[in-house]
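Here is what each chain is made of, one letter per residue.
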Amino acid sequence: MWESEFDGKKLKFHLVAINNQNFIMQDEETGTWWQQVSGEAIQGPLKGKRLTQAFHDELSFAIWKREHPSGRVLRPDERVRQKYEPANWEEDAAKQPVVTPVSPNDKLQPRALVVGIEINGKAVAYPQSAIEKQRLILHSVGATPLFILLGEDNKSVRAFEREVDGRTLEFFVKADATPLQIVDAETGTTWNFSGKAINGPLVGKQLKRVAVLKDYWFDWKLYHPDTSVYILGESLKQ
Amino acid sequence: MILPILILLAATSVIIVAIPVFVNMPFKPQTVAGVEWSYRLRRFSPLTTAVALILFLALCVRLWQGSPWQIRLTMTLLLAVFISFIWFSRQNYFEWAFRPLPNPDYAAIAEATFISGSDMVLAVEINGDAVAYPVRHIAYHHLINDLVGGRPITATY
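Heads up: the sequence lines are chains R and E, in that order.
Sequential numbering of the first sequence, starting at 1, is according to the working numbering.
Sequential numbering of the second sequence, starting at 1001, is according to the working numbering.
Calculated from the structure, these hints are not laboratory results.
Take the hints with a grain of salt, since some may be wrong.
[Unchecked claim] With a cut-off of at most 25 Å between alpha-carbon atoms, the simulated DSS-like pairs for lysine-lysine come out as follows:
id, chain 1, residue 1, chain 2, residue 2
1, E, K1028, R, K47
2, R, K49, R, K10
3, R, K95, R, K83
4, R, K83, R, K47
5, R, K214, R, K107
6, E, K1028, R, K122
7, R, K83, R, K214
8, E, K1028, R, K95
9, R, K107, R, K122
10, R, K83, E, K1028
11, E, K1028, R, K205
[Said to hold, decoys possible] So the derived list for chain E, only partly shown, Cβ under 8 Å to chain R, looks like this:
id, residue
12, K1028
13, A1033
14, E1036
15, L1041
16, R1043
17, N1092
18, F1098
19, I1115
20, D1119
21, A1132
22, Y1140
23, P1152
24, A1155
[Claimed, not checked] According to the in silico footprint, chain R covers these stretches of chain E (three or more CB under 8 Å from chain R):
id, segment
25, 1016-1027
26, 1101-1113
27, 1121-1128
Beta carbons: idealized from backbone N, C-alpha and C, even for Gly.
Input sequences plus hints: build the corresponding full structure.
Here you go:
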């Protein structure tokens, strides 16, 4: 999700090529080629520049519509409707070949799903399988304490900073709460999946969202070669 | 003397257009150099093929007079191949495989019967304007140029 304005100019993009299974887009205005996943201009007049990310979320429609009751949904293009992916497309995609070299030291399969976070040049990949097992992972990326949270649909993943008003909090999932709620150990405040405090001493406060990218391991590694990988049950780094 | 030159001109243009197609296959690896050459060839092939065509036609005119029908037929066939590759050099064939969505249209949640609760969406909210792009749709289109909350954005997947 990219801001299309660059240097005061509004750019219009087209799919133009593929680069190791991540696509390249071209803007009509300068003809520059931009890598989709990184937003970096790799060929053309603006080579070396980067697009600005627009903060986005990847989640189930059920949770999104609950949080945005007056939101709007993109309609399908009727002309190409039969070309859209079937509901189980991710299973088929997982079996597709990978073209970039696989390191024998890799603990993860190339097409393993990971949730990637990068803050100030530090990158961490959290395997989807680990997130599904733990539901809430307390961690840090570089100097930023954060936590990863799996929604009650067992698919939507969000990350939030743990610092509130200068204090770093520890969170855990509230038992038997529907929809999903979490509680912080320090104040006992209850928070919802949007990171909003709905009950308790910090009621009304909003946790700061951290941008995450749901990606295949091979693609995350290609663009973040120094990434570390979260291991299930790893102790919290402070 | 002239005919080999005509063949060479036509063949060069075919190669200029064909190289990026073969470099950019989805399930083959790409190198940085490969991407760079694809960019250059695709950017300059419309111009270079047009120049080559002008040379080609000029030589054809020279050769046409007094040539036997076999030579004239060969020239005509070469010209047909040449023109089709020139036309191809100006196409964005990636958009043939994945048609773009130039005029996105939206439904309010109540009307969104084409999507179920468990389907994933790519969501963005700017200035209070919340938009959801169903992943199954955007996985096909790959990118959508849009305006959300008054800001131009490009949704990509």
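Taking the hints in turn, this is what the structure says about them:
1. A C-alpha spacing of about 24 Å is found between E:K1028 and R:K47, which places the hinted pair at or below 25 Å, so the restraint holds.
2. With a CA separation close to 15 Å, the supplied pair R:K49 and R:K10 stays within the 25 Å bound.
3. Proposed proximity of R:K95 and R:K83 is supported: the alpha carbons are some 19 Å apart, at most 25 Å.
4. For the proposed pair R:K83 and R:K47, the alpha carbon gap of about 33 Å is over 25 Å, so the pair is violated.
5. The suggested pairing of R:K214 with R:K107 holds, with an alpha-carbon distance near 18 Å, which does not exceed 25 Å.
6. Proposed proximity of E:K1028 and R:K122 is contradicted: the alpha carbons are some 30 Å apart, above 25 Å.
7. Proximity of R:K83 to R:K214 is assessed by CA-CA distance (about 23 Å); at most 25 Å being required, the pair is judged to hold.
8. Restraint check for E:K1028 and R:K95: the C-alpha separation of about 16 Å stays at or below 25 Å, so the hint holds.
9. Using a Cα cut-off of 25 Å, the hinted pair R:K107 and R:K122 holds, with the two alpha carbons roughly 19 Å apart.
10. For the hint pairing R:K83 with E:K1028, the CA-to-CA distance comes to about 23 Å; that is within 25 Å, so the pair holds.
11. A threshold of 25 Å between alpha carbons decides the hint, and for E:K1028 with R:K205 the separation of about 49 Å lies outside it, so the pair is violated.
12. Interface restraint check for E:K1028: the shortest CB-CB distance to chain R comes to about 6 Å, inside 8 Å, so the restraint holds.
13. Checking E:A1033 against chain R: minimum C-beta separation of about 11 Å lies over 8 Å; hint violated.
14. With its C-beta approaching chain R no nearer than about 6 Å, E:E1036 sits inside the 8 Å limit, and its interface hint holds.
15. Residue-level restraint check for E:L1041 is violated (minimum Cβ-Cβ distance to chain R is 11 Å; threshold 8 Å).
16. For E:R1043, the interface hint holds, the least distance from its beta-carbon to any beta-carbon of chain R being 6 Å, beneath 8 Å.
17. About 6 Å separates the beta-carbon of E:N1092 from the nearest beta-carbon of chain R, less than 8 Å, and the hint is met.
18. The closest approach between the C-beta of E:F1098 and any C-beta of chain R is roughly 6 Å, which is under the 8 Å cut-off, so the hint is satisfied.
19. The restraint placing E:I1115 at the interface with chain R holds, with a minimum CB-CB distance near 5 Å, inside the 8 Å limit.
20. The closest approach between the C-beta of E:D1119 and any C-beta of chain R is roughly 5 Å, which is under the 8 Å cut-off, so the hint is satisfied.
21. Interface restraint check for E:A1132: the shortest CB-CB distance to chain R comes to about 5 Å, inside 8 Å, so the restraint holds.
22. Of the supplied interface hints, the one on E:Y1140 holds, with its beta-carbon coming within about 5 Å of a beta-carbon of chain R, less than 8 Å.
23. Annotation: interface hint on E:P1152 holds; nearest CB of chain R at approximately 4 Å, less than 8 Å.
24. Hint on E:A1155 holds. Least Cβ distance to chain R is approximately 6 Å, under the 8 Å limit.
25. Only residues whose C-beta sits within less than 8 Å of a C-beta in chain R count toward coverage, and the segment 1016-1027 of chain E has 5 of them, enough to reach three; the restraint holds.
26. As drawn, the segment 1101-1113 of chain E meets chain R at 8 residues by the rule of a beta-carbon pair under 8 Å; at three or more, the given contact holds.
27. For the segment 1121-1128 of chain E, the proposed coverage by chain R is satisfied: 6 residues have a C-beta within less than 8 Å of a C-beta in that chain, meeting the threshold of three.
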